[in-house]
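> Use the sequences and the hints to build the structure in full.
So the protein lines, in turn, are chains B and X.
What the first sequence shows, in the working numbering, is residues 87 to 153, in sequence order.
What the second sequence shows, in the working numbering, is residues 118 to 295, in sequence order.
Source of the hints: derived by calculation from the structure; they are not laboratory data.
Just so you know, even glycine gets a beta-carbon here, dropped at the ideal spot from N, CA and C.
Any given hint could turn out to be false.
Claimed, not checked - Computed list of lysine-lysine pairs in BS3-like fashion (alpha-carbon distance at most 25 Å, straight line):
1. X/Lys285 / X/Lys215
2. X/Lys215 / B/Lys125
3. X/Lys283 / B/Lys125
4. B/Lys125 / X/Lys216
5. X/Lys285 / B/Lys127
6. B/Lys122 / B/Lys103
7. X/Lys283 / X/Lys215
8. X/Lys206 / B/Lys127
9. X/Lys285 / B/Lys125
10. X/Lys288 / X/Lys227
11. X/Lys288 / B/Lys125
12. B/Lys127 / X/Lys215
13. X/Lys206 / X/Lys227
14. B/Lys127 / X/Lys216
15. X/Lys285 / B/Lys122
16. X/Lys216 / X/Lys227
17. X/Lys171 / X/Lys181
18. B/Lys127 / X/Lys288
19. X/Lys288 / B/Lys122
Claimed, not checked - Partner residues aside, some chain B positions facing chain X, computed with beta carbon under 8 Å:
20. Asn117
21. Ile120
22. Leu121
23. Lys125
24. Ala126
25. Lys127
26. Ala128
27. Val129
28. Arg130
29. Thr133
30. Leu141
To be verified - FRET-style restraints, in silico, Cβ to Cβ:
31. B/Met102 / X/Ser140: 55 to 63 Å
32. B/Met102 / X/Leu272: 49 to 57 Å
33. X/Met127 / B/Ala116: 27 to 35 Å
34. B/Lys127 / X/Phe273: 24 to 32 Å
35. B/Gly112 / X/Lys283: 28 to 36 Å
36. X/Ile266 / B/Lys125: 43 to 51 Å
37. X/Phe273 / B/Lys125: 29 to 37 Å
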Amino acid sequence: MPIVINLDQMLEQRGMKSNELAEIVGITTANLSILKTGKAKAVRFSTLEAICEALNCQPGDILEFKP
Amino acid sequence: MLLLNNNYSMKSSTFLLTILNFSYYFLYFIWFILFGMLLFTVMFDSNSVLELFKNSSDLKIETKSVLITTLVLTLISGGVWIYILRMIKNLVNSLLSKKLFSNFQIASFKLIGQLIIAITIFDAITMFISRLIFQNRLKVEVDLFEFWIIITIGLFMILLSTIFEKAKFYKEENDLTV
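Here it is, written out as structure tokens:
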């Protein structure tokens with residue numbers, strides 16, 4: 087898929103672990119892993135909002151379009 | 118209310134499984150009896166078997182060749198029906214387990230539907246040909262309404278397979294939505 091998720095990069099910059107983010111956002115680590123590996127077919131606005139809030143960033147910082 | 122509904126569905130599924138199991142083993146039993154009857158007719162005495170059909174109103178068989186042909190055709194058809202019943206049994210077991218809309222369920226619905234249609238058409242054709250060949254020596258009462266109902270059930274099974282295929286796609290999409 088041409089949409090790339092830059093979650094790993096953002097997590098590293100903020101010194102946060104995946105399970106911490108999953109806990110704050112309120113999703114399972116399995117689902118977060120699906121999102122990170124690019125297997126996800128869709129992201130709910132509510133999830134995106136919670137991730138942006140937890141990482142204090144914009145959706146564009148997490149999602150990138152690479153044709 | 119939910120608990121009551123759950124309890125009710127559990128009871129009905131257990132009842133369905135019991136009926137399927139009973140029908141499966143009963144059909145198996147009948148199949149072996151017919152197989153034994155065929156062996157007895159071919160190897161020993163056909164007259165005593167023919168006696169059984171003399172007073173029947175639905176099925177009249179008068180000669181040995183007709184008896185053997187009818188038994189062979191019934192055994193073929195019965196064998197396929199046993200296989201279909203076995204597949205339905207496995208399918209219901211799979212549907213009652215937690216994982217729904219699997220590839221096995223889609224393939225089973227499709228195969229069951231195709232087999233039901235094929236065996237019903239096979240039965241109808243062989244009955245028609247047998248009537249032409251044996252004429253007065255074989256009299257069978259066949260209900261055309263039954264034939265269409267069974268064909269409809271087969272088509273419905275194929276439709277269910279298509280629905281399950283679509284449901285699998287939606288489920289995958291839902292599972293992969295974070």
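> If a hint holds in the structure, say so; if it does not, say that too.
Comparing the hints with the structure gives:
no.: 1; hint: X/Lys285 / X/Lys215; result: holds, 14 Å
no.: 2; hint: X/Lys215 / B/Lys125; result: holds, 23 Å
no.: 3; hint: X/Lys283 / B/Lys125; result: holds, 20 Å
no.: 4; hint: B/Lys125 / X/Lys216; result: holds, 20 Å
no.: 5; hint: X/Lys285 / B/Lys127; result: holds, 14 Å
no.: 6; hint: B/Lys122 / B/Lys103; result: holds, 13 Å
no.: 7; hint: X/Lys283 / X/Lys215; result: holds, 18 Å
no.: 8; hint: X/Lys206 / B/Lys127; result: violated, 35 Å
no.: 9; hint: X/Lys285 / B/Lys125; result: holds, 17 Å
no.: 10; hint: X/Lys288 / X/Lys227; result: holds, 19 Å
no.: 11; hint: X/Lys288 / B/Lys125; result: holds, 14 Å
no.: 12; hint: B/Lys127 / X/Lys215; result: holds, 23 Å
no.: 13; hint: X/Lys206 / X/Lys227; result: holds, 15 Å
no.: 14; hint: B/Lys127 / X/Lys216; result: holds, 21 Å
no.: 15; hint: X/Lys285 / B/Lys122; result: holds, 23 Å
no.: 16; hint: X/Lys216 / X/Lys227; result: holds, 18 Å
no.: 17; hint: X/Lys171 / X/Lys181; result: holds, 13 Å
no.: 18; hint: B/Lys127 / X/Lys288; result: holds, 12 Å
no.: 19; hint: X/Lys288 / B/Lys122; result: holds, 20 Å
no.: 20; hint: Asn117; result: holds, 5 Å
no.: 21; hint: Ile120; result: holds, 6 Å
no.: 22; hint: Leu121; result: holds, 5 Å
no.: 23; hint: Lys125; result: holds, 6 Å
no.: 24; hint: Ala126; result: holds, 5 Å
no.: 25; hint: Lys127; result: holds, 4 Å
no.: 26; hint: Ala128; result: holds, 4 Å
no.: 27; hint: Val129; result: holds, 5 Å
no.: 28; hint: Arg130; result: holds, 6 Å
no.: 29; hint: Thr133; result: holds, 5 Å
no.: 30; hint: Leu141; result: violated, 15 Å
no.: 31; hint: B/Met102 / X/Ser140: 55 to 63 Å; result: holds, 59 Å
no.: 32; hint: B/Met102 / X/Leu272: 49 to 57 Å; result: holds, 56 Å
no.: 33; hint: X/Met127 / B/Ala116: 27 to 35 Å; result: holds, 29 Å
no.: 34; hint: B/Lys127 / X/Phe273: 24 to 32 Å; result: holds, 31 Å
no.: 35; hint: B/Gly112 / X/Lys283: 28 to 36 Å; result: holds, 30 Å
no.: 36; hint: X/Ile266 / B/Lys125: 43 to 51 Å; result: holds, 45 Å
no.: 37; hint: X/Phe273 / B/Lys125: 29 to 37 Å; result: holds, 35 Å
The structure shown violates the earlier hints numbered 8 and 30.
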